[in-house]
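Visitor: As a plain string of letters, each chain reads:
Protein chains: 2
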Amino acid sequence: MESGWMPLVKYFTSAELCALLSVSVIETLMNVHQRNLPRVVIIGGGFGGLEAAKALRKVPVRVTLIDRQNHHLFQPLLYQVATAALSPADIAEPLRAILRGQQNAEVILGSVRRIDVEAKEVITGDGSVAYDYLVVAAGARHSYFGKEHWEKLAPGLKSLDDALEIRRRMLMAFEIAEKTEDDAVRRSAMTFVVVGAGPTGVEMAGAISEIARVTLVRDFRHIDPAQARVVLLDAAPRVLPTYAPELSESARRQLTNIGVEVQLGMIVEEIDESGVTLKGGTRIMARTVVWAAGNAASPLGASLGVPTDRQGRVVVKDDLSIPGHPEVFVIGDLAHFAPDGAAPLPGLSPVAMQQGRHVAKNIRALLAGGWTGKFEYFDKGTMATIGRHAAVADAGFVKFSGLLAWLAWLFVHVIFLVSFRNKITVLLNWAYAYFTFGRGARLITGRDWPLPP
Amino acid sequence: MESGWMPLVKYFTSAELCALLSVSVIETLMNVHQRNLPRVVIIGGGFGGLEAAKALRKVPVRVTLIDRQNHHLFQPLLYQVATAALSPADIAEPLRAILRGQQNAEVILGSVRRIDVEAKEVITGDGSVAYDYLVVAAGARHSYFGKEHWEKLAPGLKSLDDALEIRRRMLMAFEIAEKTEDDAVRRSAMTFVVVGAGPTGVEMAGAISEIARVTLVRDFRHIDPAQARVVLLDAAPRVLPTYAPELSESARRQLTNIGVEVQLGMIVEEIDESGVTLKGGTRIMARTVVWAAGNAASPLGASLGVPTDRQGRVVVKDDLSIPGHPEVFVIGDLAHFAPDGAAPLPGLSPVAMQQGRHVAKNIRALLAGGWTGKFEYFDKGTMATIGRHAAVADAGFVKFSGLLAWLAWLFVHVIFLVSFRNKITVLLNWAYAYFTFGRGARLITGRDWPLPP
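Chains A and B are the protein sequences, given in the same order. Letter 183 of the first sequence, counting from 1, is numbered 183 in the working numbering, and no numbers are missing. Letter 186 of the second sequence, counting from 1, is numbered 186 in the working numbering, and no numbers are missing.
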């Protein structure tokens, strides 16, 4: 018993020692074989890609996750960064930190240019990466329907940088209104147009209205921020068009109650430096325009050489692979999954996460020489928040709105954030905002300073 | 008793009613007269300017605070944003939010171009603002000693944008090291040079070393971040040259212990894209260079038309006013205050805050037809932190270093932050970082993406 292990025995029980030993044996074996293991490349560290990477933790593969950003983003709360309630770090977590304990996974920060499915290679800005299995989870950006020059005038909301830019513009607009002595400039600075009444547009419009009417109300001396005009435009005849009609109507009513001007059936004809022109010629003079009107799938989908839909989404088979390439899977917002001719699944995080897990299972099946399985989406419902005590929720069997839906929204998002280390600061920030009506992150930062007058 | 006040009486006690009435009477009187009250313009919302504004709360003047940023910055913790421990919102608070309850104060977001002391006007980018009394608290920027082209290569640390830029560069350097297959590129990416061993340089070098050796240690698969080289350069023969020699020596030893290479008596001859050249020809190949070497006072000081020192600081009289203009005061980092031929006071927040309060008192005295008083600095001591459990402190009668100094630093900064609403999230972030060795704000954001290879 006089072995070199003795000192350790003093500190650990035998069960702990066994666990330690087996872990180190497994790790050593994995390291030895790592170079020869099949390689799974995952493009995109959003909800789908990250879930796929995590689900491959115990599978004998090398996982390489490639993303243009170094962080995973909790996108459902991105509008809260844009509206100064939360800080970027509250809703983002470095991908390396998430995967640091997963020995078979590595992260590459890089921009994927295209995919060569014949050579089984992903071509990035810094060279190419070979794969045995590929998971494309590159998501979507906002689309300007061919009017790309609108992007500068009306930023959309997909990344942290987008959110910080919108926050900067919104706060700066009130500053300009406070300073100017020109009535027209002031009116235009205090008009906020949100184009697109899907969940993001509804959340943005509600939050801007709340900021103006509550948060900023005592901050200025020459303007009354509560006089701000928040206009929510959509070409569709109702807000939240993917929701049940009674929820759309409830959302419209709740938006109107908190001071948002909802204008439906309106088509945006032109956006320029001074505002928005609607079809029919109506003009809205507005310094700040936010784009929440449309998505276009990542152009990477097209480089796969298989059919895509009108939004550029890759039409996947029912096991989420692409035709002719059982080793290539597309998931999340980039996938058009519509088995049996049903409507394609919407771009929601639960869809992406379930697909990520399913693809990991399929890869494991292929490695074992088995067959891939058909993906089935388990719909737990959807919800959108509008403002304090205002939301709509659709759990399939029951639809509800108002305070109850808002509490449900809060509950679900807190639960989701549990896996994030940032949970506690988010809760504190929310509690602070709830009780004081304040928003702590009202900071104007960015390299464009000083602004032109 | 059947008056219109009766309903109120049901809800308030008579004492409360009196208080309510007197407050509204005072506010009405103040509003009526506000237009005719003397106007105090304060340039700069840092420690000095903000303190002056707050100290004028009950003085019958109109206070106008002008700043280029919309927020007050808790600058002593700015290096923690640069090193990803805290978020911008943790150490910054909107000026409007701070002064919202002070009815006699307004905030203007604007950039002051120059001061016309004869016309009693401050000229901003959007027009001019007349004053009866002026407090110039415009602070300092970092100085490159005439080599302004170094600014892009070696950013300094004064604003939130500076901090986010340094954070981006530091995190990106590790990403590049992880990706590259070129040994020279990797070595250069993993070398961090901090120029200037004053408090900011010492804090930055210590924090970068801690990030590499502790925070990131399991994040990468192809590099060992602990191999990073952190070089702290200074032309002076010791670190923290304004501190007592024994504390300098202790700081140097503590820095060395946590892996910082301290190189003293080194003069930087050139900085370029690939590194730093020292006088004598030694070359340090480094992708990331941080500038903490020198300050230059705001150029606004020169526009006052009175003598300035070599760093551009305005030489003030012993009541903090400038020669020939008893209505103009200069405080904080922009002031050179050296009565009786003593060394000028250093650029520290306690100096600025005490001067801000003193100037408010002087303005009140002038309004009452009295005389201004001489400023006297009450020195409570100085301290600098180096890393976990490592710091130096000088309380005048006693000097100490190591764990005790670190605890003192922590205590003082927590107490200072009490007046900030962000205190609780800062405490949580610190507790998180302390116990997990993690840093939650490791986010690469910024418009320069994608970087050139």
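Don't take each hint at face value.
[As the list claims (entries may be wrong)] Below are the BS3-like pairs computed for lysine-lysine, each with C-alpha atoms no more than 27 Å apart in a straight line: (1) B:Lys179 x A:Lys158; (2) B:Lys54 x B:Lys147; (3) B:Lys279 x B:Lys317; (4) B:Lys317 x B:Lys58; (5) A:Lys120 x B:Lys179; (6) A:Lys54 x B:Lys179; (7) A:Lys158 x A:Lys147; (8) B:Lys399 x B:Lys54; (9) B:Lys152 x A:Lys152; (10) A:Lys158 x A:Lys54; (11) B:Lys152 x B:Lys179; (12) B:Lys147 x B:Lys158; (13) A:Lys399 x A:Lys317; (14) B:Lys179 x A:Lys58; (15) B:Lys399 x B:Lys317.
[To be verified] Output of the computed footprint for chain A on chain B, the stretches with three or more beta carbons under 8 Å from beta carbons of chain A: (16) 77-89; (17) 108-115; (18) 238-249.
Honestly, the hints are just simulated from the structure, not real lab data. Heads up, the beta-carbon is just placed ideally off N, CA and C, and yes, glycines get one too.
Visitor: Could you tell me which of the hints above the structure violates, numbers in ascending order?
Guide: Violated: hints 2, 3, 8, 13, 15 and 18.
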